[in-house]
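K.L.:
Protein sequences, first through last, are from chains V and Z. Under our numbering, the residue at position 10 of the first sequence is numbered 10, and the numbers go up by one with no gaps. Under our numbering, the residue at position 233 of the second sequence is numbered 1233, and the numbers go up by one with no gaps.
No lab work stands behind these hints: they were computed from the structure. Don't take each hint at face value.
Below, a list of computed lysine-lysine pairs in the BS3-like style, where the Cα atoms sit at most 30 angstroms apart [to be verified]:
1. Lys1334/Z to Lys1311/Z
2. Lys1311/Z to Lys7/V
3. Lys1278/Z to Lys7/V
On a predicted model such as this, the values are computed, not experimentally measured, just so you know.
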Amino acid sequence: MNLQEEKPPFWGSWGRIYAALGLYLASVIALFTWFTWSWNQ
Amino acid sequence: MRPLDWWVLGASLAGVALYGVWRSRGSRTTQQYLLADRTMPWYAMALSIMATQASAITFISTTGQSYVDGMRFVQMYLGLPLAMILISAFAVPRFHASGVFTAYEYLEKRFDAKTRALASIIFLLSRGLAVGVALSAPAVVLTVILGLPSHWTTLIMGALAVAYTASGGIAAVTWTEFVQMLVMTAGILAALLTVIFLLPAEVGLREALAVAGAAGKLNAAVWRFDWNDQYNIWSGVIGGMFLSLSYFGCDQSQVQRYLTGKSVAQSRLGLLFNGVAKIPMQFFILFTGAMVFVFYVHTQPPLVFHPQAMKALERQAAFSLLKQEYDAAFAQRKAAAQRLDLPAFREAHGRVDEIRGRALALAGQAMGQERVNDTNYVFLWFVVHHIPAGVVGLIMAAIFAAAMSTISAEINSLATVTMVDIYRRFLRREERDGHYLASSRWLTLFWGAYAMVTALYAQNLGSLVEAVNRLGSLFYGTLLGVFILAFFFPRVKGTPAFLAMILGEAAVIAVWRSTDLAFLWLNAIGCFVVVASGCLLSAGARAAHRPA
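Just chain V, same shape as in the assembly (with noise of 0.2 angstroms):
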């Protein structure tokens, strides 16, 4: 059984997306921290 078979229907492959959405959490985290410091003094 091959798991990885279907293809998404952008990006060309999953492991893009997923890339994609961990830079996402990436980001998020970064722009918390950045909220939190400029405000939360």
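Following the hints, complete the assembly by docking chain Z onto the known chain V.
P.N.:
Using the frame of chain V, we list chain Z on its own:
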């Protein structure tokens, strides 16, 4: 609530229920009733998954939590995108390829019947304990605020959810949740925009943020690590990831949602969308709570938000003195906020907090409790007393939608597991499909009735409600561990996996009973013990069977 609000609430409740029944008409097989014939598009699954997760008490509590404790609760969701990636990559294709109705059915294909039965029973026990609380907790809060008898609130929410769930099965649950999530989003946005609009004219967004931040309400990122505190970046990313893996990977109320997908790709997109959208959604709910705090910096709130506790407090001899102190501290805090004198504001805010703490303790003594917690009442108090007619109805509709979406998903998944993993597997194996379809409907009615009866009973349990709710989440790590064994350790067989689940559960209960470890970590511990002991027992069994 004014007549317009009742109309908005009533129309929303009836409209959502009728829409669900209409979209799911014609369920004639168990495959249609329990899996919607695997025809669901990704956007329906995505919003339905989010709606199941957002219970009413989360909706009500989260805003109050932000008012009292700040926005750090949002960090609990930071592990979610990672969990969605792992479940999309490893769980979704396996569940789809095996053609199962439930997650636990997969365990029999991989291990044996006893492992499947144990996992099913763990699920039925933990969810069965929680379903009454999911119905009773919002009913109690809404009752206090709306003035309706509590059994009416419970029965209205419960009966509507049971009616469309029993009628249309998973398709009705998914499509009603799709609409309920839209109602919830409208309710959140309406609340946030209204609270910003209600701030005094001289308070802009910048001033509001400065005041909320000075009171420590904008702490969305806490980098300090503490084992006993679950609201920091580390426990959010790691502990939150294990919690989300357990919930989305092993809890039938979520697994069943993505088993209904048209394809692996559609199911994955539904989950990944949830990973993207959930954090901003929680951020905005919490930010609404922070803005409610700013509103109450400029408009004097009651000393205690819990209406019954406030009445009990007013009967105390010390009340008038406490009220005078509170009025003076509030006036000082408001003046400091208007001048944007943040050091003076912080000092006055500390005094207001300290007086409120004494008031909650005094109200608790008067009510025979150690201390009253009014967090759940902050947002509803604001909604009922300050928000214009029509918008109140929309926000109440959002809260009812959140409650009903969680309840319908839970009774549907409980009925599915009881039918597929217990009744069809162990009691009546060779019946025709129509018999199983009818059984699924009857079991949905049974679990719905059970939820309503336990909800009515749970209202008298007080703080036990929270204990029961927490008890339910003690089982997640064990379930996650056995699925990890199933997916990634092909040499581990049935009996070691079964014994590992028992050892994992024993370890979680031992740690829970003997330490103050933050709850999020228990899932990771349970999972680790199951995987480690499963591998060791399996290696031991292989060694014992090897010829000398």
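K.L.:
Give a verdict on every hint.
P.N.:
Right, here's what the structure says about each hint:
1. Lys1334/Z to Lys1311/Z: Holds, at about 25 angstroms.
2. Lys1311/Z to Lys7/V: violated, 62 angstroms
3. Lys1278/Z to Lys7/V: Roughly 25 angstroms separates the two Cα atoms, so the pair holds.
In summary, the structure is inconsistent with hint 2 from the numbered list given earlier, while agreeing with all the others.
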